[in-house]
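Now for the letters of each chain:
Protein chains: 2
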Amino acid sequence: MMNIKINDSFWQRYIKLIREEMVPYQWNVLHDQADIIIDKERDDEGIPSEKSNAIENFKIAAGQKEGNHYGWLFQDSDVYKWLESAANTYAIKPDEKLKLMMAEVVSLIEDTQEEDGYISTYYQIEAPELKFKRLFESHELYCGGHLIEAAVAHYKATGDERLIDVSKKLVHCIQESFGPEEGKIHGADGHQEIELALMHLYELTNEHEYLDLSEWFLEIRGQDPDFYQKQLSENKKMNLDQGRVPTINTVYHQAHKPLLEQEEAVGHAVRLVYMAAAMADVAYYNKNEKMLNAAKRIWKNIVEKRLYITGGIGSTVHGEAFTFDYDLPNDTMYCETCASIGLMFFARAMMKNEMDVEYAEVMERALYNTVISGMAIDGKHFFYVNPLEVDPKASKQDPGKSHAKPTRPSWFGCACCPPNLARTITSLDRYIASTSSDALFVHLYMDMEGTYQLDKQTIQLKQLTKMPYEGEIDLSVSQVKHPFSLQLRIPGWAANASVRLNDSEVDVEQVNGYILLSIESDTAVSLLFDMPVMEWSSHPLVKENKGKVAIQRGPFVYCLEEEDNGDQLHSFELTETPQPEQITDEVLGKFVSLKGAAKKIIVDESWSNVLYKANENKYVTESKTLTFIPYHLWANRSVGEMRVWVDRK
Amino acid sequence: MMNIKINDSFWQRYIKLIREEMVPYQWNVLHDQADIIIDKERDDEGIPSEKSNAIENFKIAAGQKEGNHYGWLFQDSDVYKWLESAANTYAIKPDEKLKLMMAEVVSLIEDTQEEDGYISTYYQIEAPELKFKRLFESHELYCGGHLIEAAVAHYKATGDERLIDVSKKLVHCIQESFGPEEGKIHGADGHQEIELALMHLYELTNEHEYLDLSEWFLEIRGQDPDFYQKQLSENKKMNLDQGRVPTINTVYHQAHKPLLEQEEAVGHAVRLVYMAAAMADVAYYNKNEKMLNAAKRIWKNIVEKRLYITGGIGSTVHGEAFTFDYDLPNDTMYCETCASIGLMFFARAMMKNEMDVEYAEVMERALYNTVISGMAIDGKHFFYVNPLEVDPKASKQDPGKSHAKPTRPSWFGCACCPPNLARTITSLDRYIASTSSDALFVHLYMDMEGTYQLDKQTIQLKQLTKMPYEGEIDLSVSQVKHPFSLQLRIPGWAANASVRLNDSEVDVEQVNGYILLSIESDTAVSLLFDMPVMEWSSHPLVKENKGKVAIQRGPFVYCLEEEDNGDQLHSFELTETPQPEQITDEVLGKFVSLKGAAKKIIVDESWSNVLYKANENKYVTESKTLTFIPYHLWANRSVGEMRVWVDRK
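Protein sequences appear in the order of chains G and H.
Counting in the numbering used here, the first sequence runs from 168 upward without gaps.
Counting in the numbering used here, the second sequence runs from 168 upward without gaps.
To be clear, the hints were calculated from the coordinates, so they are not data collected in a lab.
If you're wondering where the values come from, they're calculated on a predicted model, not measured in any experiment.
Errors might be hidden in some of the hints.
Which copy? The list can't say, so a pair holds if one copy fits it or any two copies do.
In silico DSBU-like links for lysine-lysine, alpha-carbon gap of 30 Å or less [said to hold, decoys possible]: (1) K633 - K780; (2) K563 - K424; (3) K816 - K713; (4) K472 - K785; (5) K785 - K816; (6) K780 - K766.
All chains, please: the whole structure from these sequences, using the hints.
Put into structure tokens, the structure is as follows:
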């Protein structure tokens, strides 16, 4: 794929917000020049939240300033992710000012990198003696991975090779320290990311060593479950580390056993999907079938047993982690924005190995719901946690729900999500379609145009659509010189799909959820489908959703907000399938809402001063109309209750 | 009341267990001689759980041994509560061996107390310079209170005044340090208890200074919400304390504003009810109407908005605390055994001020459910947390539920509950009946006999009952010399109550839930009632219980266990009121179970590999019979799911 332009009005709004608001805003935050209150992602005295200090850390590490490191061990990655999103933004619309901002950061990174290629401001400033010696938490290779991803994006956007050189030097440094040879470290970073980044560098350079190093990091993980603990004991023995040696929960790091033996999605959700995405990539390029099967097992476990209807993952705040099959609480879960972004990576990487519509379905579910829910429509406020049910009273007065916030804060002490969102949405072009040697697969429908490289030819693809609110898509393929297969996804939420080729209705074959069109010359394709309102029910073992439905139309999962429906959302029971209505809202803009009849239990006089009643399980109800809005739009108007799963008569 | 003997077979089993198992067992634990694994009350590396060390701490503080303090700051209270339960046990059945055990502890306490009356092993051993200077967490007066309570019980049981002398010396020490005078400390202990204990000492000695000191501690609390924080700053300034000064959440300590201004039950649940019980006592003896009104407001808030059907309180593990009105989650709550014990104290103290059946109802609800649920039927395993819904998978794999254990551990690092249970059940005689100048109120029905002091006479009361499983009660009052009012509680769970006086049916007047009988001479009273099975529904704002019922018969709330019903208890829907059945179980003994028809949702083939289904909210069900057992008996047979609230068709 090359030169893909997204013209879609739904997505342009986000891309414009990122260019005009998020990128300059995050620049200010990283430079501690934004006048904001930094929030904690949960109630915890230990969370650093006074300032970002991210750029300052680099200046100190580079010797340009005096001072101490501030913030998380992985604060550097905020800068790298900013740079990646800035580069993506620049690629979409070049801009001299942005180029200068990027250049400043690139130079600072060059200055910070040490002679031998090492770079990690925390360890450079505070604990050089512990470099690569506390891998369970150090995030050195995690940050390094983000540096490499930024480098690739920056090079693609500007042609400037400086950060590619920095990346290669860093990889060399890593190769000197890690590997199967005696004397080297036989373990991987506590937070997966380098594996994924090395694949990007490999895809750019075609240099096999990067692919092999990624594979090695994947394969060494969990080989010795005591690896991290042994590092700490060794540090203690060598007097490198004071203080109590913590007990490491290796499941959190997916390092409790070798990857190829892991059957379930466990531990920290972001780590898991970053790792799994790299597994799928490595499996593809190295034809590693065992790795592919291991990735597939993890995929199946997520999708069949541990995935929220919104595309969220991570059922608990404790370790931001998976828990167990069918455990999907709606108000204490984590559903981190970054985790759903990682799930998109994983889905996209799996597609390279096999084309099954499930990958695109999950990718889309994450993208249109939990991922973009991470960002307010002003582009300046962000969710880290994306709950399916919120009561502001509980967020405030039950510390067990303090992480499920009813409003998006401006920034976080741990600011992984905002820049991750920015880099993902500015690289949306990667997710629209993919290719094999002689086929072009279209996964997502939106106004766009661009070229795709097949083995024998470059195909120009253009979409003109009424998406995401109506199922009318005009596709054209041009520059066709050889026959090829055009495969169009029929979304799981679509009904009555029909296809016209150059204005003639055709019968079409569907394989794995894609309709197959044999194309021999430039062709205009019309794809039409309905978007019926869907009512989802959960597996009987998902106890939180018993008797409840979640509403979806098109790619959007819907929710109820107090703003439209009053409070006590749990006391409603939907009595009919809600129906669509076009809305133009002052704050939310244009979208489709859904309205449907419901019964609401009333707190009548008989309940004053009474908490329980015996032998009276009839409640007084009143008729109400429920208004649903797309989930990603919640928490943009007022502070109030929200819920996705609603009781159904 | 005097010389009350409980002959009831239901309660004798508990009293015998405490005498024969718990008291000697806890003695061994406190002496670190029991071969057990000490459990943590929740997953937290910081919880001391290697040993008890409680007696050892005294020996070290007394200078009999060398060493350091181990365990919590309030470890001493385990010893005092043991002593109190031992004394109560001795009062029920004197025993030379027990007397010697008590004497050893009493001597050790005497040896530990310092010249000026101070006693608190942690501060004596580790930080004498910080005595009374870290009151937010020091538990010095909390432990002191338990010492006084033990002293009163020990004196009543043995006539030995040694610990009363220790207590008076301690109170003198407290009076020297605390009080309104300049130079003294103007604040109270972070954990209420001394207030309650001083009332016991006052009731024993009639010395008004104890009542006044209790009132002063109640009234000083929250007058300066920064009091605790100022102590810490002062310590820092004086170089008495190293390390970071924590931020104190004064709501946790009910010290955020003066007591008389507090409208709701907030903060740590045990602290709250201990405080409220003392408030009610002080209000009664000092005719402090404002204090009484404040206590009543707290009572109303608990009973009308924050009380579990099982008599549990504390909706969150975070701070073991209350949260907000109608927030009563069943699987993440705390419902500490000690909190329900404190709720009994509070109810009993409120009764002194006014006779309303609600106090006895709540007291009984706590006693027969959450309180005795705290103890296994072997007398050697204990619950700290008493959940209303448990899934062992969640207890193990969701750290947010690690505190809601599916089995009772042998002991805890923080061992407040087991000895609290022992002292409460061995003082059950206090809760059966109470008196006013010319009335005897009977609150609880069980086989017993004893005398009660009215203004003009001593009345002998005797009960012969089929309680707690059948509503047949033969009461007799004898030694009647003057007319008096006998008031018998008609429990909220009773139906068709009838009364016979000396074998003749009589019409009776009911006032505030008690039937009034004017007694002029020795009389035999027969009280008969049915115990219909009740189905409780919750207030519409208790979202967790929507569509669900809790089952009760007599004083017992019932629950479902996996042992009787299989797993996935959430997938049942009760379709009829369950009916009683007499059971004699090998492990559980004799009790009444309840059985009723239900539908169970089946996980059929159509759900294999599917997490959500669109537009299909019908589930396949099968007919099942549900078996309920009394809540307090749960977790005595096997590890499995349990739930109190069950879906109702």
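Results for each hint:
no.: 1; hint: K633 - K780; result: between (53 Å within a copy, 27 Å between copies)
no.: 2; hint: K563 - K424; result: between (39 Å within a copy, 19 Å between copies)
no.: 3; hint: K816 - K713; result: both (12 Å within a copy, 13 Å between copies)
no.: 4; hint: K472 - K785; result: between (35 Å within a copy, 20 Å between copies)
no.: 5; hint: K785 - K816; result: both (15 Å within a copy, 11 Å between copies)
no.: 6; hint: K780 - K766; result: both (21 Å within a copy, 24 Å between copies)
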